[in-house]
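Residue strings, one per chain:
There are 2 protein chains.
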Amino acid sequence: MLWFVGLGISGFKSIPSEALDVLSKADIVYLEQFTSPIAKSDLTKIKNATKGEFRLAKRWLVEDGSEILKNAKKKKVVLLAYGDPYIATTHIELRTRAIEDKIKTYSIHAASSLTSMIGECGLHFYKVGRIATIMSEMKSLTTPYYVIYKNIIEGNHTVLLLEYNQDKDFFLDPKDALNGLLETEKGQIRNVISPSTYVIIASRIGFKDQSIISGKISSLKKTDFGKPPHTVIIPGRLHFTESDALKIFGQCVDEPFDNTEKTEKISIQMMKKYVPMVREALEEVEPLYKDQKEFQGILENAELYVKDAEKFLEDGQDEVAILSIGYADGLVDALRLAKGLEPKM
Amino acid sequence: MLWFVGLGISGFKSIPSEALDVLSKADIVYLEQFTSPIAKSDLTKIKNATKGEFRLAKRWLVEDGSEILKNAKKKKVVLLAYGDPYIATTHIELRTRAIEDKIKTYSIHAASSLTSMIGECGLHFYKVGRIATIMSEMKSLTTPYYVIYKNIIEGNHTVLLLEYNQDKDFFLDPKDALNGLLETEKGQIRNVISPSTYVIIASRIGFKDQSIISGKISSLKKTDFGKPPHTVIIPGRLHFTESDALKIFGQCVDEPFDNTEKTEKISIQMMKKYVPMVREALEEVEPLYKDQKEFQGILENAELYVKDAEKFLEDGQDEVAILSIGYADGLVDALRLAKGLEPKM
Numbered sequence: 106m107l108w109f110v111g112l113g114i115s116g117f118k119s120i121p122s123e124a125l126d127v128l129s130k131a132d133i134v135y136l137e138q139f140t141s142p143i144a145k146s147d148l149t150k151i152k153n154a155t156k157g158e159f160r161l162a163k164r165w166l167v168e169d170g171s172e173i174l175k176n177a178k179k180k181k182v183v184l185l186a187y188g189d190p191y192i193a194t195t196h197i198e199l200r201t202r203a204i205e206d207k208i209k210t211y212s213i214h215a216a217s218s219l220t221s222m223i224g225e226c227g228l229h230f231y232k233v234g235r236i237a238t239i240m241s242e243m244k245s246l247t248t249p250y251y252v253i254y255k256n257i258i259e260g261n262h263t264v265l266l267l268e269y270n271q272d273k274d275f276f277l278d279p280k281d282a283l284n285g286l287l288e289t290e291k292g293q294i295r296n297v298i299s300p301s302t303y304v305i306i307a308s309r310i311g312f313k314d315q316s317i318i319s320g321k322i323s324s325l326k327k328t329d330f331g332k333p334p335h336t337v338i339i340p341g342r343l344h345f346t347e348s349d350a351l352k353i354f355g356q357c358v359d360e361p362f363d364n365t366e367k368t369e370k371i372s373i374q375m376m377k378k379y380v381p382m383v384r385e386a387l388e389e390v391e392p393l394y395k396d397q398k399e400f401q402g403i404l405e406n407a408e409l410y411v412k413d414a415e416k417f418l419e420d421g422q423d424e425v426a427i428l429s430i431g432y433a434d435g436l437v438d439a440l441r442l443a444k445g446l447e448p449k450m
Numbered sequence: 106m107l108w109f110v111g112l113g114i115s116g117f118k119s120i121p122s123e124a125l126d127v128l129s130k131a132d133i134v135y136l137e138q139f140t141s142p143i144a145k146s147d148l149t150k151i152k153n154a155t156k157g158e159f160r161l162a163k164r165w166l167v168e169d170g171s172e173i174l175k176n177a178k179k180k181k182v183v184l185l186a187y188g189d190p191y192i193a194t195t196h197i198e199l200r201t202r203a204i205e206d207k208i209k210t211y212s213i214h215a216a217s218s219l220t221s222m223i224g225e226c227g228l229h230f231y232k233v234g235r236i237a238t239i240m241s242e243m244k245s246l247t248t249p250y251y252v253i254y255k256n257i258i259e260g261n262h263t264v265l266l267l268e269y270n271q272d273k274d275f276f277l278d279p280k281d282a283l284n285g286l287l288e289t290e291k292g293q294i295r296n297v298i299s300p301s302t303y304v305i306i307a308s309r310i311g312f313k314d315q316s317i318i319s320g321k322i323s324s325l326k327k328t329d330f331g332k333p334p335h336t337v338i339i340p341g342r343l344h345f346t347e348s349d350a351l352k353i354f355g356q357c358v359d360e361p362f363d364n365t366e367k368t369e370k371i372s373i374q375m376m377k378k379y380v381p382m383v384r385e386a387l388e389e390v391e392p393l394y395k396d397q398k399e400f401q402g403i404l405e406n407a408e409l410y411v412k413d414a415e416k417f418l419e420d421g422q423d424e425v426a427i428l429s430i431g432y433a434d435g436l437v438d439a440l441r442l443a444k445g446l447e448p449k450m
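From first to last, the protein sequence lines are chains A and B.
Taking the working numbering, the leading residue of the first sequence gets 106, the next gets one more, and so forth.
Taking the working numbering, the leading residue of the second sequence gets 106, the next gets one more, and so forth.
Any given hint could turn out to be false.
[What the hints assert, rightly or not] Subject to a maximum C-alpha distance of 25 Å in a straight line, what follows is the list of computed DSS-like cross-link-like pairs (lysine-lysine):
#, chain 1, residue 1, chain 2, residue 2
1, B, 370, A, 416
2, A, 156, B, 118
3, B, 352, B, 377
4, B, 313, A, 181
5, A, 352, B, 207
6, A, 175, B, 163
7, A, 150, A, 352
8, B, 444, A, 255
9, B, 181, A, 255
10, A, 118, B, 156
11, B, 449, A, 416
12, A, 118, B, 444
13, B, 352, A, 118
14, B, 370, A, 377
15, A, 444, B, 444
16, A, 150, B, 444
Honestly, the hints are just simulated from the structure, not real lab data.
If you're wondering where the values come from, they're calculated on a predicted model, not measured in any experiment.
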């Protein structure tokens, strides 16, 4: 029998009440602590609530799983984990293997920091987009960078989980993560992250010394966020109730603002460049063809497609808009090339 | 003093243990039940754990908030809510108002169905994209439809929350939600939803009679999903550990498969159409210009831009790919129009 039990986010006191009985009746309780550190005082309380054997489980022991599964074949075994037990995919896999091994499994869900921190910051959970993770050994942050980009253009908030290595007692500093993203911006130049991007640093959520500090990246350069765990949240479109709550629940170094206004969709960035460029190229070439009737249709078409492109963009049909402006540009450039003019692409 | 306390997802037994003390010491406990129904037996247990006054709170009472805030000015007041207290934005707003009113607030987080159901289905939480909601009175489902589209093309899973109206005791049937999406597909034709889309219906998550049934929409047409609450999950890209877990944790009417393969990005759909079309148009026009040197550059450029378009798409630069194929098409069509041929756009 194998129980997957969540501890919640505030130490032993946040454990679901039904789990207390499960702990006291278990033959073995494993506590995994590789997803977040657990305080000594909480460790003592967990041990006291355990009548059977208590064991600390390192990452490899849970990933390997054989000891836990072997014991669960004959005994009541509990795997106790910070937050909700199934946020860690390792636990889902272990449950799969247990059921395949004909071991009965039970789950007790608990508060996850992922849902809790959003509410603690005053943000709306239904506006959170895909989560990204930043690890110190990552060669490049283009993956999290584009997760943020895609979230921001949809107005979504992005949660950036930062590396935590229990064995090395290492936690990635939020400032290092943000510097990495600023570096990535230099190569990708999609206007996703700049020193004036508004960010929230949520630290030790659920604990007494929880802190929520937000502001422009440039304003937080010298801020000491204290002990881990830390999470960075890049807000997307902010409803006024979200800005209000953020100001009241946390410490805002700057007035909260909408990050989405700076970051334009690639399609909009392109249209801003190409529509005036094609119009100008068209005006330049028109006089050269004024006596050639067979080319009038091409000139007219080019003008129509520029207008269509603008209309498609307005309608949210971004891809068709780009296709249209590209097409108009091609029509115009063919005429330019035929007259020995430089193409405008 | 105002406490926001989550009940978790399994009735009274899932309440965090620290909350028991808070309940027993409170002067007034409000139980809101507009986000999910709460069983009578749980209601009794909550009442028994409350030494002070117990009151049921309808949606309007929480939204209005004045009674709760007035009482919290002088008394210890608890607002107890299903799941995690701050998934409902109403509670965030109430907390904001309380703090503005100089009322001390406290939060006890608990398991949310949003995180729990993902783990119960064996899916990876970090792959969940933006959530969508489907209400019966919605005139059109284009908003949730495009949330699914955007999630699917990124490989993300989509959680579709279905309407629950406590006062009318109404819950939207998952089959009605899916039929609405199939209808929307007819108008939008982005290949997002079809009778062969793989969907998961997660019902009564956290309760004894929890059920997870999945399969193609067409296979679930006559399935009775039982009592609410139900949530529809449209999986995106499925890791094999996710498919395995889904099969083992739930009941799969069909073998789980990847929905992302059918739904192509608009940019890819376009490229599949335009690349061969432009190539063909180019081949057709080439012989007509074989004696006109001044047009050779245009023909060569067109060919290069078709190749570039393919390369950009491979590199994930979708917008530049579309711009390039549009441009190549424009170059070719200018030459076609000049010779009196039909344009190919």
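Now the hints, each set against the structure:
no.: 1; hint: 370(B) to 416(A); verdict: holds (21 Å)
no.: 2; hint: 156(A) to 118(B); verdict: holds (20 Å)
no.: 3; hint: 352(B) to 377(B); verdict: violated (35 Å)
no.: 4; hint: 313(B) to 181(A); verdict: holds (20 Å)
no.: 5; hint: 352(A) to 207(B); verdict: holds (15 Å)
no.: 6; hint: 175(A) to 163(B); verdict: violated (49 Å)
no.: 7; hint: 150(A) to 352(A); verdict: violated (35 Å)
no.: 8; hint: 444(B) to 255(A); verdict: violated (44 Å)
no.: 9; hint: 181(B) to 255(A); verdict: violated (44 Å)
no.: 10; hint: 118(A) to 156(B); verdict: holds (20 Å)
no.: 11; hint: 449(B) to 416(A); verdict: holds (21 Å)
no.: 12; hint: 118(A) to 444(B); verdict: violated (81 Å)
no.: 13; hint: 352(B) to 118(A); verdict: violated (35 Å)
no.: 14; hint: 370(B) to 377(A); verdict: holds (23 Å)
no.: 15; hint: 444(A) to 444(B); verdict: holds (17 Å)
no.: 16; hint: 150(A) to 444(B); verdict: violated (86 Å)
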